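**Q** Read off the chains here:
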Amino acid sequence: MNRLADILFFVLVFLLQVIITDYLHLGAFIYLCLIPFLILNIPFSRRPQLVLVAAFGMGLTLDLVSDGVAGLNAASAVAAAASRHLLYRSLVNRDRQDKTEVPVPDVIGMAKYLKYAGAATAVYMAVYVLFDCVSFRPLGFMLLKFFASTVLSTGLGMLLMLPLQKRR
Amino acid sequence: MRSRYGFISALTTAILFLFLEAASVVMMINNGAIQRFKLVGAVRHVEAGIWGRTQQVRNYFNFRSENERLSAENLALRQQLALYEKAAAALDSHVVTVTPDFTYIGAKVIRNSVNAQHNYLILDRGSDDGVERGMGVITDRGVVGIVGAVSRRYCYVNSLLSTGQSASAKLVASGAFGPIHWPGVSPDRVLLQEIPVHIQAAPGDTVVTSGFSTIYPPDIPLGVVAGTRIIQGSSQNIDIQLFEDFRTLNNVYIVRNNAGPEFQELYEQAR
Chain V
1 MNRLADILFF
11 VLVFLLQVII
21 TDYLHLGAFI
31 YLCLIPFLIL
41 NIPFSRRPQL
51 VLVAAFGMGL
61 TLDLVSDGVA
71 GLNAASAVAA
81 AASRHLLYRS
91 LVNRDRQDKT
101 EVPVPDVIGM
111 AKYLKYAGAA
121 TAVYMAVYVL
131 FDCVSFRPLG
141 FMLLKFFAST
151 VLSTGLGMLL
161 MLPLQKRR
Chain D
1 MRSRYGFISA
11 LTTAILFLFL
21 EAASVVMMIN
31 NGAIQRFKLV
41 GAVRHVEAGI
51 WGRTQQVRNY
61 FNFRSENERL
71 SAENLALRQQ
81 LALYEKAAAA
91 LDSHVVTVTP
101 DFTYIGAKVI
111 RNSVNAQHNY
121 LILDRGSDDG
131 VERGMGVITD
141 RGVVGIVGAV
151 SRRYCYVNSL
161 LSTGQSASAK
171 LVASGAFGPI
181 HWPGVSPDRV
191 LLQEIPVHIQ
201 AAPGDTVVTS
211 GFSTIYPPDI
221 PLGVVAGTRI
231 IQGSSQNIDI
241 QLFEDFRTLN
251 NVYIVRNNAG
261 PEFQELYEQA
271 R
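Sequence order for the protein chains is V and D. The first sequence begins at 1 in our numbering and counts up one residue at a time. The second sequence begins at 1 in our numbering and counts up one residue at a time.
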């Protein structure tokens, strides 16, 4: 039952992401992305290689079904997945023995979760903006896009994920 | 033993990470519009079928405004035709065979992106309808893009709203011409570049296609001057407010240049 709820949760959020990417046009400076939140919700007990492949699959699927350049979300998702352990240890809990399976706000606290999710989204957006804009966009544009997208994606992710997580 | 296992696990994770990032980058590098079309051709084919159906519903609700626009366009074309008929009737009995420089294929947009750095459209016309790679796509209110790839029933168009695309345009008032590029910010604005500084361009001046490329016919209205900026004292970039709203594109024309093969032959002779 729990597994079914997990799968439904992933499918729902992913579908929402596809709808956002395809139909919610907020201009060149903003890219809303919930994929980092999906990556953070993969339990820590899963093998890191599996998490990387899952993140790559999610990113690439999003690229293929939306207007994205193939590989753009995939590269960003892999970077976010690779950094989640490091972010968790440095921002949430330095104790290597911590056994938290999925760090949700109810367990680690709202402020720490916000920092953790915000940092993962920042990693995602840094790679995304770099690959999307480097060499033909000015640095100011890239920075603005990075900050606006990170803040808004984190905010939207928190708004959407909290009720969903409570239902799980 | 445990630390050895941990080391191997970390090493494989790092290698996998590098491999997946490299794979993503390779995909992006090879992700020219045509390659992307080929890579995800199957996905696009299915998507195009689905979007084609949803577009039918959307078109139903847009019929009134679309019909009004088409009626106005038809009227203008008929008036032009009447002029030509009158002129033809005035000719003496010499028989003149005229082949138009450009012929047009009407198409409907079934997929359109305006929000990425490299935007594209999918049209419901393909090789079965005579569409070929490299043909231009226009509306009566501007240039839309260039056909990048063609399947039997659909074609993929590299939108003018892509950072690598350009078209040749000129200021109606002065005749000065240069390339237009999309700067990647707003789907309503493009830049007309390489205009000499002595050319005066006032806000509201009309910009049209120059006809200096073999892709787009001349004198298609593109937009109006919104502002100018001098670049390094030698030329100016002119900000153009487009007439066409890419977000509401529905009916377009695919343009065949009948003189294209002849131009190509000339280029090859000159080489």
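In short, the hints are calculated from the structure, not lab data. As the structure is a computational prediction, the values presented were derived from the model and not from experiment. Built from N, CA and C at the ideal position, the CB exists for glycine as well. Don't take every hint at face value.
Derived, one-sided and incomplete: chain D residues facing chain V with beta-carbon distance under 10 Å [as the list claims (entries may be wrong)]:
no. : residue
1   : N115
2   : S186
3   : P187
Computed footprint of chain V on chain D; a stretch qualifies when at least three of its residues, placed anywhere within it, have a C-beta under 8 Å from a C-beta of chain V [what the hints assert, rightly or not]:
no. : segment
4   : 6-13
5   : 18-29
**Q** Given a cut of 10 Å on the nearest C-beta pair, is the interface hint for D:P187 held or broken against chain V?
**A** With a closest approach of 9 Å, the D:P187 hint holds.
**Q** Within the segment 6-13 of chain D, is the number of residues with a Cβ closer than 8 Å to a Cβ of chain V three or more?
**A** holds (count 3)
**Q** Against chain V, with CB atoms and a cut of 10 Å, does the hint on D:N115 hold up?
**A** holds, 5 Å
**Q** Go check the segment 18-29 of chain D versus chain V for me, would you? Three or more residues, Cβ under 8 Å, otherwise it fails.
**A** It holds: at least three residues are needed, and the segment 18-29 of chain D offers 8 whose Cβ sits within less than 8 Å of chain V.
**Q** Please verify that hint: D:S186, Cβ, nearest Cβ of chain V, below 10 Å or not.
**A** holds, 7 Å
Violated hints for the displayed structure: none, as all numbered hints are satisfied.
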